[in-house]
Amino acid sequence: MLLSVEDLSVHIGVINPLSDLSFGVDRGQILGLVGESGSGKSLTAMAVMGLLPLIGGRISAGRILFDGTDLAKLPEAALRGYRGRRIALVTQNPMTALDPVVRVGRQVDVMGRMHLGLSADEARRRTIELLTRLRIPEAQAVCEAYPHQLSGGMKQRIVIAIALAGEPDLIVADEPTTALDVTVQAQIIHLLGELVRDRGLGMLLITHDMGVVAQVCDQVAVLYAGRLAESRPAEALFEHPLHPYTSALIGCIPRDGMAPGSLHGIAGAVPSVARYPAGCRFHPRCPRAGEICARQTPELTELTGAGRLACHFPLEGTHG
Amino acid sequence: MAEPLIVARQLVRQFRSGGGFLARPATMLAVRGVSLTVARGEVVGIVGESGCGKSTLARLILRLIAPTSGQVLFDGIDLGRLGKREMRQVRKRMTMVFQDPYSSLDPRYTLSDVLSEPFAVHGEAPPPGRIAALLDQVGLARDMGGSYPHQLSGGQRQRAGIARALARSPELIVLDEPTASLDVSIQAQVIDLLSSLRRDLGLTYLFISHDLGLVRYFCDRIVVMYLGAVVEVMPAAGSMPRHPYTRALIDSTFAPDPGKRRKLEALTGEIPSAFNLPPGCAFAARCPRASERCRREAPDLQSPDGHAVACFHPIEEGASA
Chain A
39 MLLSVEDLSV
49 HIGVINPLSD
59 LSFGVDRGQI
69 LGLVGESGSG
79 KSLTAMAVMG
89 LLPLIGGRIS
99 AGRILFDGTD
109 LAKLPEAALR
119 GYRGRRIALV
129 TQNPMTALDP
139 VVRVGRQVDV
149 MGRMHLGLSA
159 DEARRRTIEL
169 LTRLRIPEAQ
179 AVCEAYPHQL
189 SGGMKQRIVI
199 AIALAGEPDL
209 IVADEPTTAL
219 DVTVQAQIIH
229 LLGELVRDRG
239 LGMLLITHDM
249 GVVAQVCDQV
259 AVLYAGRLAE
269 SRPAEALFEH
279 PLHPYTSALI
289 GCIPRDGMAP
299 GSLHGIAGAV
309 PSVARYPAGC
319 RFHPRCPRAG
329 EICARQTPEL
339 TELTGAGRLA
349 CHFPLEGTHG
Chain W
9 MAEPLIVARQ
19 LVRQFRSGGG
29 FLARPATMLA
39 VRGVSLTVAR
49 GEVVGIVGES
59 GCGKSTLARL
69 ILRLIAPTSG
79 QVLFDGIDLG
89 RLGKREMRQV
99 RKRMTMVFQD
109 PYSSLDPRYT
119 LSDVLSEPFA
129 VHGEAPPPGR
139 IAALLDQVGL
149 ARDMGGSYPH
159 QLSGGQRQRA
169 GIARALARSP
179 ELIVLDEPTA
189 SLDVSIQAQV
199 IDLLSSLRRD
209 LGLTYLFISH
219 DLGLVRYFCD
229 RIVVMYLGAV
239 VEVMPAAGSM
249 PRHPYTRALI
259 DSTFAPDPGK
269 RRKLEALTGE
279 IPSAFNLPPG
289 CAFAARCPRA
299 SERCRREAPD
309 LQSPDGHAVA
319 CFHPIEEGAS
329 A
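Protein chains in written order, with my numbering: chain A, 39 to 358; chain W, 9 to 329.
Hint data in this document are derived by calculation from the structure and do not stem from the laboratory.
Predicted model, so just to flag it, every value in this text is computed and none were measured.
Accuracy of the hints is not assured; some may be wrong.
Computed footprint of chain A on chain W, listed as stretches where at least three residues anywhere in the stretch have a Cβ under 8 Å from a Cβ of chain A [to be verified]:
| # | region |
| --- | --- |
| 1 | 186–194 |
| 2 | 254–261 |
Chain W residues, not near chain A, derived (Cβ > 12 Å throughout) [what the hints assert, rightly or not]:
| # | residue |
| --- | --- |
| 3 | 30 |
| 4 | 43 |
| 5 | 71 |
| 6 | 84 |
| 7 | 118 |
| 8 | 134 |
| 9 | 150 |
| 10 | 210 |
| 11 | 246 |
| 12 | 264 |
| 13 | 275 |
Covered stretches of chain W (chain A as the covering partner; in silico rule of three or more C-beta atoms under 8 Å from a C-beta of chain A) [unchecked claim]:
| # | region |
| --- | --- |
| 14 | 199–208 |
| 15 | 215–221 |
Positions of the beta carbon are idealized from the N, C-alpha and C atoms, including for glycine.
This is chain W alone, in the form it adopts within the complex (with noise of 0.2 Å):
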């Protein structure tokens, strides 16, 4: 196999909260020791529910915050290592499209400027043709150069987020659930695009999202994370769910079906403090498959068979559950 492009070893990353008068500063644990290697040209998806951590690992996974222990080697090199300059080089290589489009984009910025300054960040100007290029490859009409974000669709300002990104011909991109603030319809576009981009240019992907149904849409693999932690690592996007949450995860997805609708009997409780974890698994609480032990004692990421899982009463394959 090829040498794969990022490999995250044991990544931890703490916050502090608070902290003021007659307040006791708080500590929480976003990632908790989260070890993940994507293969040039793949795609991997990493879902969970809002403060699973999965914002923070991409930061951390393009060095825009330093972990507070743990290793990102990309393509080999320790990012920790570099220094200032260097980092700079290897930050041509790596981008990330945001979620919303209509805040990630200057006000005052017109299209040509905003797809500029990826370059002028590093004291260049865009090669001739480039912007023009970079606009056809988006699919947005090359006169729309001069236009301000306030100006386009929702859709269309997404598209420039993209074009910025692929500005210097990146190898990995991290889409931060650069979906989750349009319309179906154009959430729909947006992802055939992504898909033409990263065939006609090998790009790598790194895809965050909260949509399960769309990530299996999507990726080739899936990272499921609860709380900081890796549950499950699903090897292909159809592969059968093993860990209770993931279980959950695929209930709480509403077919447009009216045929199959669910008699949910989902999970109850909702997500604890991340300040105020709980000893043992995390998702005990909400575990309709939790027992004491799950209680007492953290279980481990196993992986007998590419499927790694997190759970020490894992569904079985072909069980209903």
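Chain A extracted, bound-state conformation (with noise of 0.2 Å):
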């Protein structure tokens, strides 16, 4: 496994907005960590990449294990040799990822220098040799571009590439195309996908977007309110749904031929870390809630064939 997240629990003063989160992701697979708002996808992206103390908070529990190494252990010099040369991280907003003063060339060739001890030229050289891998069209013009006569797509690439230009192992990728139009966000998509299977690159994909999902993750964790709903292999997840949080996250997405009056929303919204509900925190959103998810916590448990649920009234399936 090259990044196990076990039992994580991260704590910002006082309150704990995420707690005993376990997931895996390995060399050539695609990690989906799926959610709305509000359920601790960008803070577990925080965790694993070390930034937590820039928002004040810290791990309080568990471990990030990345290729054997305890990052949560680490102090933040020795996190430095991580961040950026084996662990990437491409944001969500390619507008303000990028520095608007500096051309896009430099951004890119400054991480092969720092993180590799290239020479500007060698830099230079890799830079045009990456953004023709990522499909730039005339990649030595763009290298003399500033981002403001970019488009977004395009921009999007540079931060790819600038993710990539320190020939990481695992790329942390927090809603890379939200910003994007459609036809733009399923190239990027794709691209992802192709690049991490063939460098054997290991990505953690964080989204809230269950087609993205459906259309490149190997592994899906679902979140809801800082804990781990359920966490499968794709197909299996989506074909049949175990927690009841996770169907009705699917049966959210419109489909073609769906009668009118069929898309159903889930009720309520999800609670602020501050007013987690007792028990089952999707408890008073869940169609299937018994009296005892109002009290009792279910226990994340392994299922028999892969993943893991924490569930006390799961749907139709494999339990235990």
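Work from the hints to combine the two standalone chains into their complex.
And the structure:
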């Protein structure tokens, strides 16, 4: 396992927005981390990147094993050897991820120079190679452009190039296509999938879009209000969701040929961190909730097939 | 057929940009000759990617901006001929719900203030009980009238935006990406609400979205725009696409089903700049079916059978493209 997160809990001051989170990412694999806003997806990304101190947070329990090393225990100085070099981040908004006053070529070059110790010429040669691989036409000319001269899709490719330039093993992509148009999103999603498989990278793909997850992810972890609801191989999860929340999330997406009135939302909203309900945090919105759900937190159990589930009344399928 | 609620004829809107020290001003055509008819009670979807002119078209229809040329008739009234005062009277009959419920509500207004505003701008007070009725209609608790926007969730704010649009009992509501900033679970709630309001109040919607899947679910008829022009009008939500761009939009929408993974030969390239439109079909550079003719000549929107398409090489019915 390239990345293995075990029983991770995060505290920000006294609040505890994320608890007992476990998942793993293999090389050549994409793990989709999904959930509504406020479920703790981006916080997980920050924890893996060691960026929690920026928002006054800390890892209060659990391990983040990356290639055998527990990142949760490393001091900031040691983390710098990982961040950008072995673990790279692709953020949601390419408009703000790039420096507006530096030509984009240099923004990619600097990664090779800093992390791989390349000379300016070598770094540029690699940058052009990389941009060409990302199907950026006229890479040499694009290197000389400033971000505002490029389209949204092109900027996101540059952000991906920056992430790849340090030759990382793991990419954490936090909503990498949410700010893009659908036709461009489709291009970028496929590009990411190709890179992961061709280069044997691991990817943690954070998204709220079940369609994107179904399209490229091998494994899926569904988060709700800071806890793992269900985590299983993608095909099994979409075919037979076990957790009522997973099933409800899939049911929210309009599909071709759906009868009018058959699209159902999930009543209510994700509770805020300060108001997590007792028991299963999904129970106030859950159609299957019983009396026990309000009292007792369902334990995260290993499934006989593969994966994990935390629910007292799962939908039919294998359990326990 | 009953008199259509909206008739738009050959709408054109030009914008000028730049033009400063040493820079030559540039002009772009945000909307290039769009004609559109919307019947009373109909839900018409307008889809396209950013920069296709869908929001500009909506603003032209509501006459929030004036067209460079062309005409809009609302219930037979030519909006271009109305004076300020007459326009105000017509405005009560048409409203808009905006994309971002965070920026479209004044942070210092309580919900009651927000819902009184559509009356206040006409120097009127809301009729007794109207605000409570509006809150009921959109599924907000009556005691929320005193709440400020920051105390509401995203979904509640969008409900407030819808209540505000309903305040003067309009006939037409333009919905400009009303769910784009909401979670999918909340999006479905809001779409549900819009459906039942339409049924109960006999509303007409112009639904603007980049999400073809959602539009196909919600709308009766679908207008597809690319770079300021209509490329296809699908007469029913389930119609098979004929324009290669519509096909590409459908192919770019991922179904929540890993069994249907697409080997995307998707579109290459990106939308050209509206400041520098190519001659011929605006889509030709990205189109898998484009021929020499497409690069030379712009196809007109033609509708032999009620399904209009602007393409020299449309996808035949039944063909799997």
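Failing hints, ascending?
Failing hints, ascending: 11, 12, 13.
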